[in-house]
Each structure stands twice: as structure tokens, then as C-alpha cells.
Amino acid sequence: MERHYLLGNEAIAHACLEAPVDFVSGYPGTPSSEVIDVLRLRSDRAYYIEWSVNEKVALENALAAAWCGLRALCTMKHVGLNVAADPLMTSAYTGVSGGLVIMSADDPFAHSSQNEQDSRCYAHFARVPCLDPSTIQEAHDMLIDAFTLSEEFSLPVIFRPTTRICHSKGDVELGDIIKSTKKGEFKKDPRQYVVIPAHTRVLHKKLNEKQPAIKKRLVELGYNTCSINGKKAVVASGIAATYVQELIPEGISFMKIGAYPIDEAWLSGFVRRHESVLVIEELAPEVEEQVLQVAGTVKVLGKKNGYVPYEGELSLSAVAQIMEKAGVLSENLYPAVSPVQNLPLRPPILCAGCLHRAAFYAIKKVFKDAIYPSDIGCYTLGLQLGVVDTTICMGASITVASGIAHSGEPRDIICTIGDSTFLHTGIQGLMNAVYNGADITVVILDNRITAMTGHQPNPNTGVTACGIESPPVSLDAVCRACGVTFVETVDPYDITGMTNVLRAAQSRKGVRVIIAKQQCVITARRAGVKRGRYTVDMDTCTGCGTCIRFGCPAIEFADEKARINDLCSGCAVCAQLCPAGAIVREGKK
Amino acid sequence: MKRSFDILMVGIGGQGTILASNILGEACLREGRSVKGAETHGMAQRGGSVESHIRIDGKFGPLIAPGQVDLLLSFDLLEALRYSHYLKEGGTMVVNRHLVLPTSVYMQNLEAPTEDAIIAALSRFRLCLLDADQIAQEAGSPLSQNVVMLGAASYAMPLKPESVLQSVKSLVPKKTSEINARAFELGRQAAKECSF
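As given, the protein sequences belong to chains R and W, one line each in that order. If you read the first sequence in the working numbering, its first letter stands for residue 548, the second for the next number, and so on. If you read the second sequence in the working numbering, its first letter stands for residue 31, the second for the next number, and so on.
A portion of the hints provided could be inaccurate.
What the hints assert, rightly or not - Here are a few chain W residues that face chain R, going by a calculated C-beta distance under 7 Å: (1) 68; (2) 77; (3) 78; (4) 92; (5) 111; (6) 132; (7) 133; (8) 136; (9) 170.
Unchecked claim - These stretches of chain W come out as covered by chain R in the derived footprint (C-beta under 8 Å, 3 or more residues): (10) 50–58; (11) 93–99.
The hints are simulated quantities; they were obtained by calculation from the structure and are not laboratory data. Predicted model, so just to flag it, every value in this text is computed and none were measured. Idealized CB from N, CA, C, for every residue including glycine.
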């Protein structure tokens, strides 16, 4: 046993090595990405590992591995589970012969997500067990137990850490690494793996029959615990349980829920011994609804009567406030304090030298009064530049663009989508747009990498998750194969070239695709690309502010003149924009 | 009933707050103490405001409540003011006097607070102000400013300076070990005059 100070996701990755895992797949998504990022680069790797093109593809791969008797892990963020929901629902029927753990990382407060959905609801819906860790140590231990549980009941298990587990750190006890030696073997069994109606009806019944034993086993497993100390009780799940444990006074009973489905008899035995029960959990009232079902005349305080919010993330101070309001704490130890007002905000922005800023600049210049559907990635930050009008889910830029076009909107419609998002779920939308004759321009922002989530490779990068060379997909050929006849590839750093291609696209009808191709500025720097910095010639600068409005963090303004700071990556776009020609390569004049 | 010493480290994505928080976590392990932490991930590279919570002797959750921070380390002057409400009564602030104005100030022509105004607003706290950029240059690399900050703050933490220095040496890239050790010492020297 060794103690380490680790990120939650690093501890989870280590647990995979201890289990050991034989097969890993997933699609990057904050806050889940570091698990595969840690596992894929280990030189002692004995397991198979891949970044898949989307979560559905990832889950189907992992499911197949588990059918072959392997221990398979599939990772994604919560909204990825929507994409993978199709195989999830029926995999509960077919079951698995190895262990299948689906890590779906939830993001209360939507720190970097489009919604706050709760993966526990999916587990409930699919009737599969769900483990919900309250600390990093528990996340580590649970992951190993999740495999055992999956094998014991021949069912996929959803493992649901939240952002505050994945991206927290703590001292963790780690076990020994075991080298995976298993080889998969597919044993044919059509009644299990071919879900025609006659088979699936039987499988559905089997799934339902497993439930009582699962509930009983989960109590024994020790992740659902309770202690009776008085007439009032607090029931809490996930990280909220940890906040409660820090605050709970003597004489108050406590129940911690970390595993679902909850055994009703066990829950009822606890709840009914109290006068009132306060239920504290993030997001959906999963536990609260169960408590209400068994409560009888016991008073239940929670989301449904306004004690606990449905939205957002809980915190120590939020939980203290809830406990005080519910009469569990006599005083709020963490009274609200107000921050200093009216400070200029510092939101995340596109990097200095980012290709997206250059592409957006040209798009806005050519397509002045247009509709700009966009997608999910770094380029969603184009919102700040006024060139992102819609974002809903992965791949929904092209589909939303064609829907708006077909609805009769007379303005030009030009949408933006990243390379990884295009390969994730964009292609189907493009095919559909061509097939149904949409009149739209699509700009694929091609930076050769999945940048937002930490620079994971994709089929467009030319390497696999493990760094093995792979044939890079041709975006041009994919678009042409979908039936697009106008496909132009252009370097967005070349503002004139980019605007010319945009103008050519604007003058045509039908689906037009522009591939704005340039390496992500961070991967370029890591790869050793040095372009030399630019500087402002103070005598020539007229202080007109054109470069400032471009919005690059490398450009500052003081004493009526622009100045370029050391964030400059040498993309030279601002030099092309300056009407006075005052921006020049450093050391040249 | 407070059982942990709570440190909040704030700055701008790319300034090295994550490495600095790892160094403190490692120092806790060296002293056989428990530690919990939380930080901003994902968007950090994109120039946004970032925060790292570190709870020395922490046994529960990773987040520190506003008004409860014992020691605030800020890598930027404006961020110190933004997070100043996290500091508890009588807490300490160690602040890099360097100010990076957000790009939004230039783009939207916002009223920007001046260095003097921020320092005046911070003066009601127990404040140790230093030029970590300058000191890091002296140590041999501008990238060592995070370690300069740890050196300066080492007086105000319940950790032995040797444990922190050892952790610096074990976590920074090997070829920068000497520069960072120097950065730690220079940071300590710079903060000698501060009242902790």
C-alpha cells in the first residue's frame, strides 16, 4: 500500500490497473478525460485502449469485449451517455460475461457542459447498478468493486463520479498493479446476443428478476451505511455526504448512499425510526424519491419542499446553510460573504494565435448579416466574438443550420464545427443536408486534434491514443463522399485566402464546405513550431484599435498605442489586419 | 471545530498554480499528513481565472468556504482582489504584484483598476507583496514564479520549509531543479520583511 496525492481521475486510472482492466474505450469529455489520458501513455500497458470516435461507438466496443469475458471500461462525460444510451439500454438485457463498467462523469454546475443531467437517472432507467463515490479514495475502491459487481450479476455497472471527485485531489491509498493477461473469447449464444423480440422478452424478465438480489448485495458491499443517533436524520449521497460528514453535530443520525438501487426494506428501517429526515444530494432527487416512498408519516425535507436546490453544485457552505434551515445545525458556521463588485471578468478566451479567431474574423467579415450555428469545442468561445448563435449538443451545428435553412429564414446560414466534433456526429448531419438540399455553408475548423478536453488524438490526427501511427481520415474525401461538390481547404492564418474562399462559397447554392486547416497553437508549440514573435512599430501605429478589436490576448493597449506581449505565437494575422502596417516581425523593420 | 489549514491559490491559466498545488500536496505526504484539494481544469490553458484549493490536514471535502481561507496566494494582483472575500478574519495574503489586464478590458474599453488602487484595497489584509516575475527572472527562469510564491508563503504555512523544498525538487523537471531551488530561496528572502 502506498499513499499518493492524486487527482481523482488519476486515482480512478490507477484502480483500473489494480482491477486489472483488459479493455478501455471512451470519448474525451470534461471531467472524464484524464482516466484514459493516464492509461493510454503507460509504457507497461497490457490492456487494449482506444479513443473512439464517439460514445456510442466506444460503448459498443467495450460491450463486445465484455461479451468476450474481458474486464472493460468505457469512459465519457454525462452527456456522452445520451449518445451511448442506445447500446446502454439493451446491454442491460443481454448482460455481459466479463465485467463492464461505464464511467459517466457528471458535472453539477455545468462547469464545462451544456446541461446538468444526472447519470443516476440513466442507471435507474436501464435497471443497472450505479456507484456514486463521495471521496477520491472511495472512487478508487469503488471502481474495482464495480467490476466484481458487474461480473457477479452479469450486468453493466454505471460508475458516476462528479466534477468534484474527478478534478479534486487527495491523499489516496493505492494497491498493487496487476498485469492483465486475459484473452477474449466469444462464446456464441444467439438467445443472449441477438435481441430479436422472442429473445428480448425473456431477457427483459431476467433483468427484472435480478433486482432484489442486487439491492441486497449493495447493502452488504458497504457503500450504503447508516448510524442512528437521534430523532432527526440526514441522508446524503455522493460528495454531498462528505460535506455533511464535516458538519454533522452529535445526536443527529446519518445515512450515506453510494450505491443504487437502494434496498427499500433497509431504507425504510432507518427512515421510520426518525421524526424527520433531511435528504441532501446534487441534481436529481433520486434518493429523496426513494425516501418519500418509504417515509409514511415521517417528515421528509429536501428538494420537493425547497430545502435543497435542484440545480447547481453543493458546497460546504451551501450544505451548512441547508442544515441550518432544516434545524439540524443550530447556527450556520459559514455565513455568506460578498465578493468585491465590478471587477473586469477574466473568462476563458481563445489562445493567442488560435486558428479559430482568425477563421471567425473572416467569417464575420464576409458573412455580415448571417446566422451562425456552432458546435461544442474551444470554438464555442467564438460566442465572445459574436459568431456563435446556437450550440446544443455534439454535431448539432450542421443539422441546426439545415433546419434553419429549410424553415425559410432568408439570411445566409454559415455554421462552424471542429474536426473531432465533425467525426463524432457531424457527418450524418452533412449527409442529410446534402440529401435534402439544404442551402448552407459549413466551416470545419480543423486543428487536427480534440483540443478543448486536453489534446486527445482523433482519426484526423494521424496517431492512435497510444501514439501509434494511423492513416489520417481525409475530411475533404468524406465531404465529397457525402455529395458536397464545393469543398475547399484553406489556411485561416491567410486572411485574404480565407475571405476569398468564403466569398466564393457565398456566391453558390447548396451545401458548401470550407475546411479551415491549421494546427492548434498549443500542439504546434509542443511540437516545437517556432514562428517568431511580432511587435508594434510605435512610430507607425496610429492607435486606431483595429488589432485590439481582433481580441487576441497577446495584444494590449496603453498610452494610445497597441503593444504585443510575450503571449504572441507569431500567427501574423494581426499584421495582416493593421491598416497602417505597424505590426512587424520582431527584429525586422 | 476547524480541523484543516486552508490555502487558496489563484491566478491565470498557464501561471503554474496546478504544479504549485501538487508541490504542497506532496509536502503534506512527506510529513505524513492528510490533504485534500480541488482545482480548475480544462479551461485553464485558455487565459481564464483559475483557483486551487488545498486543505492541509483535510479529511473531508476539497472545497474551502468563502471567508474561511487561512492563506491566500495570488499570482496576479487583480485575482487577489477578486478572491479576497475567501480570506478569513486575520488570514494572510501573499500576492505577486504583477498585473495582467483581462483582454475584455481592451476589447470592451472597460474601466480597469490601477495597480495602486488594487494595492490600496488589499491593504486592509495582512499582506505580503512581492514581484515574483522579477524574482523568477533572477532565479533563472520566468517559469519559476510559482515556486517563488511558495518560497514567500512558506513562512505562513504549517509545513516545514524543507518539506516544501524537497517536494519542489521532486516535482519540477529535473533540468530546472537548481533554478527552482534558487527560486524558492529567493522567494523566502523576499518575504523576510513581511509580517506573518
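To see whether the hints hold, each was checked on the structure:
1. 68: 4 Å, holds
2. 77: At 5 Å from the nearest chain R Cβ, residue 77 of chain W passes the 7 Å test, so the hint holds.
3. 78: 4 Å, holds
4. 92: With a closest approach of 4 Å, the residue 92 of chain W hint holds.
5. 111: 5 Å, holds
6. 132: Holds. Min distance 4 Å.
7. 133: 5 Å, holds
8. 136: 5 Å, holds
9. 170: 17 Å, violated
10. 50–58: holds (count 5)
11. 93–99: holds (count 6)
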